[in-house]
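Trainee: Okay, here's what each chain looks like letter by letter:
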Amino acid sequence: RKEVEQDPGPFNVPEGATVAFNCTYSNSASQSFFWYRQDCRKEPKLLMSVYSSGNEDGRFTAQLNRASQYISLLIRDSKLSDSATYLCVVNGRRGQNFVFGPGTRLSVLP
Amino acid sequence: GAVVSQHPSRVICKSGTSVKIECRSLDFQATTMFWYRQFPKQSLMLMATSNEGSKATYEQGVEKDKFLINHASLTLSTLTVTSAHPEDSSFYICSARANRDGYTFGSGTRLTVV
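Those sequence lines, one after another, are chains R and B. According to our numbering, the residues represented by the first sequence are 1 to 110, in order. According to our numbering, the residues represented by the second sequence are 1001 to 1114, in order.
If you're looking for bench data, these hints aren't it; they were derived computationally from the structure. Don't take each hint at face value.
Said to hold, decoys possible - Calculated lysine-lysine pairs in the BS3-like style (CA-CA distance at most 30 Å, straight line): (1) R/LYS79 with B/LYS1020; (2) B/LYS1055 with R/LYS42; (3) R/LYS2 with B/LYS1014; (4) B/LYS1014 with R/LYS79; (5) B/LYS1014 with R/LYS42; (6) R/LYS2 with R/LYS45; (7) B/LYS1066 with R/LYS42; (8) R/LYS45 with B/LYS1064; (9) R/LYS42 with B/LYS1064.
This is chain R alone, in the form it adopts within the complex:
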């Protein structure tokens, strides 16, 4: 089983739609969780950290379920500019390193 798995995608949604991405991780000792966004041929950029209590930043909401080893990202009122690949990032088995999920590509269509 891979350390971090994500919805395979791609997700093609109309503007204004709500879309949710899921991510599962295998290392139960993981403590740090992040969602990154990567535009085509660019470096990944931190979208938000994921906290145990869940957190919201504008149209973006991240949730963590430690029992199920599951993280989610919800995007409300999708914009064209949200089109990108969304990467789930989790502590690796050695603790110090971080493992990136394969990413889920989102295309928001006019």
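Fit chain B to the supplied structure of chain R, relying on the hints for placement.
Mentor: Same frame as chain R, but now just chain B:
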């Protein structure tokens, strides 16, 4: 915010030559720098962890003699792809943790070996 400067952004080289990629932390000290590689339509894969003043730690399957890492100061880590071959063509990117809220990435280097 924390910035990692990576150069060059793009390089085309001939098979058999070596290419050096630099990553500098501009406003913080990076005792640890991570080097990733990303092939088209694939995820970022950790190649090695670079530690200031000591040997890098390589991931399984990454040849340390081919991908030379030097982290001689708290603000500079370099990755040298030696005797590059077309299969080494990829997007190489470094990152460092400047604070508790995730990692900062360099802008990446697109290497094409012809």
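Trainee: Would you mind marking each hint as holding or not holding in the structure?
Mentor: Okay, the hints, checked on the actual structure:
The straight-line distance between the Cα atoms of R/LYS79 and B/LYS1020 is roughly 39 Å, outside the 30 Å bound, and the hint therefore fails. For the suggested pair B/LYS1055 and R/LYS42, the alpha carbons sit about 29 Å apart, so the restraint of at most 30 Å is met. For the suggested pair R/LYS2 and B/LYS1014, the alpha carbons sit about 35 Å apart, so the restraint of at most 30 Å is broken. Distance restraint check for B/LYS1014 and R/LYS79: the Cα-Cα separation of roughly 42 Å exceeds the 30 Å cut-off, and the hinted pair is therefore not satisfied.
Proposed proximity of B/LYS1014 and R/LYS42 is supported: the alpha carbons are some 24 Å apart, at most 30 Å. Annotation: proposed proximity of R/LYS2 to R/LYS45 holds, straight-line Cα distance about 23 Å (limit 30 Å). The hinted pair formed by B/LYS1066 and R/LYS42 meets the criterion: a straight-line CA distance of about 25 Å does not exceed 30 Å. Annotation: proposed proximity of R/LYS45 to B/LYS1064 holds, straight-line Cα distance about 28 Å (limit 30 Å).
About 26 Å separates the Cα atoms of R/LYS42 and B/LYS1064, which keeps this hinted pair within 30 Å; it holds.
Hints 1, 3 and 4 from the earlier list are contradicted by this structure; the remaining hints agree with it.
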